[in-house]
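K.L.:
The hints should help you fit chain B onto chain A, whose structure is shown.
Residue numbers (our numbering), protein chains in the order written: chain A, 1 to 438; chain B, 1001 to 1222.
Honestly, the hints are just simulated from the structure, not real lab data. Idealized CB from N, CA, C, for every residue including glycine. A few of these clues could be false.
[To be verified] Some but not every residue of chain A turned toward chain B, in silico, with C-beta under 8 Å:
no.	residue
1	Asp13
2	Ala15
3	Gly337
4	Val344
5	Met345
[What the hints assert, rightly or not] Far from chain A, some chain B residues (derived; all Cβ distances over 12 Å):
no.	residue
6	Leu1095
7	Asn1106
8	Thr1188
9	Thr1192
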Amino acid sequence: MTLAGLSLAYLRDRALNTALNILLLTLSVATLVILVLFSSQLSERFERDARGIDLVVGAKGSPLQLILSSIYQVDVPTGNIPLATVDMLRSDPTVAEVIPLALGDSFRGYRIVGTEAAYIDHFGGIIAQGRVFTGNHQAVLGAQVARQTGAGLGQKFVGSHGLSGDGHEHAETPYEVVGILAPTGTVLDRLIITPVGSIWAAHGFTPPAAEGAAEAPAHTGHDHNDHDHDGDRHQDHAAEDHDHGAEGEHAAHGGGELEVTALLIKYRSSMAAVRLPSFINKQTQLQAAAPAVEMTRLLSLLGVGIDAVRAFAVLLMATSGLSIFVALYSALRQREGDMAMLRVMGARPPAIFGHIILEGVLLAAAGALLGVAVGHGVVAAAAATFPQLQDMGLTGARFEPAELAIVLAAIGMGALAALIPALKVFRVDIARTLADTR
Amino acid sequence: MTTTAEPLIEVRDLRHDIAGRCVMAAPAFTALRGEHTLLLGPSGSGKTTLINIITGLITPSAGDVKIDGKPMSALPAAQRDQLRRRTIGVVFQTLRLIGALSVRQNLALAQTLALGRSDPALIDRLIAQVGLTHRADARPRELSQGEGQRAAIARALCAQPALVVADEPTSALDDANAVAMADLLLETADATGATLLIATHDNRLRERFSRTITLAAPGVSA
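Just chain A, with the same shape it has in the complex (with noise of 0.2 Å):
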């Protein structure tokens, strides 16, 4: 039996005391480190998907909306633009790089992009199986979807209408899957990649393009498809080989301008910068929408909402150690004999300050890593909850350097908390405290 032991022991005589302030501790620090968590993983993903693109353009309306759902393809599209658009932007000296994204449908919730194989290198996605598509109705799927859905090379699925997985189904123009994509960590992964001329044709026919805000569960209302009709259709799809077979089908988009729902740009010139945002904000149906400038607007106003849970938590923190300092300053007063015993026994000074030390130390380091795993098994059970959590690639296997740092944090307070009562053992009068408690 050492003085470490001691100090064991004395939290065990006290059991129940010593379990509400482990549980005190493990409540603050699970808390900070869910916050940790939560923060530095989702603002990894967010960088890590919007890296490399510097303006995004799409239909007016909600600037992080369209970031959001063209980036992230968490939220609904703002709505189309003309195809034309792209031929413009490219035709830009100062522009490099061009992707275009038809959205609107979806597989079992998977988000279904019309777009270009330079989408797929933009996140350095690399064939996994299969090949990139060669035309329409092929499809590349993310890592994520290929084995969410089980599905295989060759296989064929039919898209639904809308995001959200309950529209009605593109039956007549079913696709193949053609490619199976490594996991990239990125939004690629769960996203199904087919040319964009795929999209058009699942709405019917070569007109209408991808519909961009397709959250209606059928093909009712389709209003916004009238009201950027300029009268001057089928101008840019000529050379496109299309197939118009369900024409009929989608009547109600009847003759309409080949559309896109967003752009993805990169600038060649830091020139492009200072001119194209404003050059195609002026543009009656264009909005330009950057997306470090809203990410960090976002991010902000989460930040707020953040900033206040993490002074919570503090906060919490604070009491716990008050509490601790409150449990030992009393139980040492109750063992100011037992101390007196230890220094006639022979403990110098020192070793018993230490000892009581340790006390506060090791109550805080049971509630600090507590705390780190209940944290993460928070995390982790959230993003086995949620799926929309697990697409932002949440996960509570990753530990962050700020961790380590609360951790210390708390083991550094539980030390101070038991300072002032370990401080008594140099003043403590030996023969009177004998004489005195009897």
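P.N.:
This is chain B only, laid out in the frame that chain A set:
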């Protein structure tokens, strides 16, 4: 260690004042190894003060104490603690067993503090000697007064100190138990080779000890 010829306790001209008032004045005496000594005196005669000076817990106002040849009262605090740790075991009337630990763990802690290691075989032997084998894993609060007293004696002896100091070890006991306790102290001390110094106002113990020092209440003696 030191030679056996040197007295284990040597007290000379010892006096202690608190706030200018003399609370204890001890006659000069020595105790050799194996010379069990009874320190008798009425309440207020300063027995506990003398015990505290001998064990190095307080510094006397005048005079000096040598324990095993070393000047306890003149040593700096750290060396005083070391001398006490190595040479002296203490039994208090209030026992001061550590409540969070079992009897066995109390002994193990005392041993580790004194020797830097614990000797389970010796602990078991001592527990058996004081008749607590069946209570070895009990907490102090689960023990009777007599059992607790025996545990405290075993603890004082478990580092095999040269000197065991007991302050009023029998005052809470009835006649039969007081004598039995004194016998147990003498027996276990002899078994471990320790010398006893027992401070008491309990005349029942007088017949058990060949050597008695009497402490008079200060102001009365001179």
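K.L.:
For each hint, tell me whether it holds in the structure or not.
P.N.:
Consistency of the hints with the structure:
1. Asp13: Nearest chain B Cβ about 4 Å off; hint holds.
2. Ala15: violated (11 Å)
3. Gly337: With Cβ-Cβ at 6 Å, under 8 Å, it holds.
4. Val344: This interface hint holds because 5 Å falls under the 8 Å limit.
5. Met345: Hint on A/Met345: holds, closest Cβ of chain B at ~5 Å, below 8 Å.
6. Leu1095: violated (9 Å)
7. Asn1106: violated (8 Å)
8. Thr1188: The claim stands: B/Thr1188 keeps its Cβ more than 12 Å from every Cβ of chain A (closest is about 18 Å).
9. Thr1192: Given a closest Cβ separation of 16 Å, the condition holds.
Checked against the numbered hints given earlier, the structure breaks hints 2, 6, 7 and satisfies all the rest.
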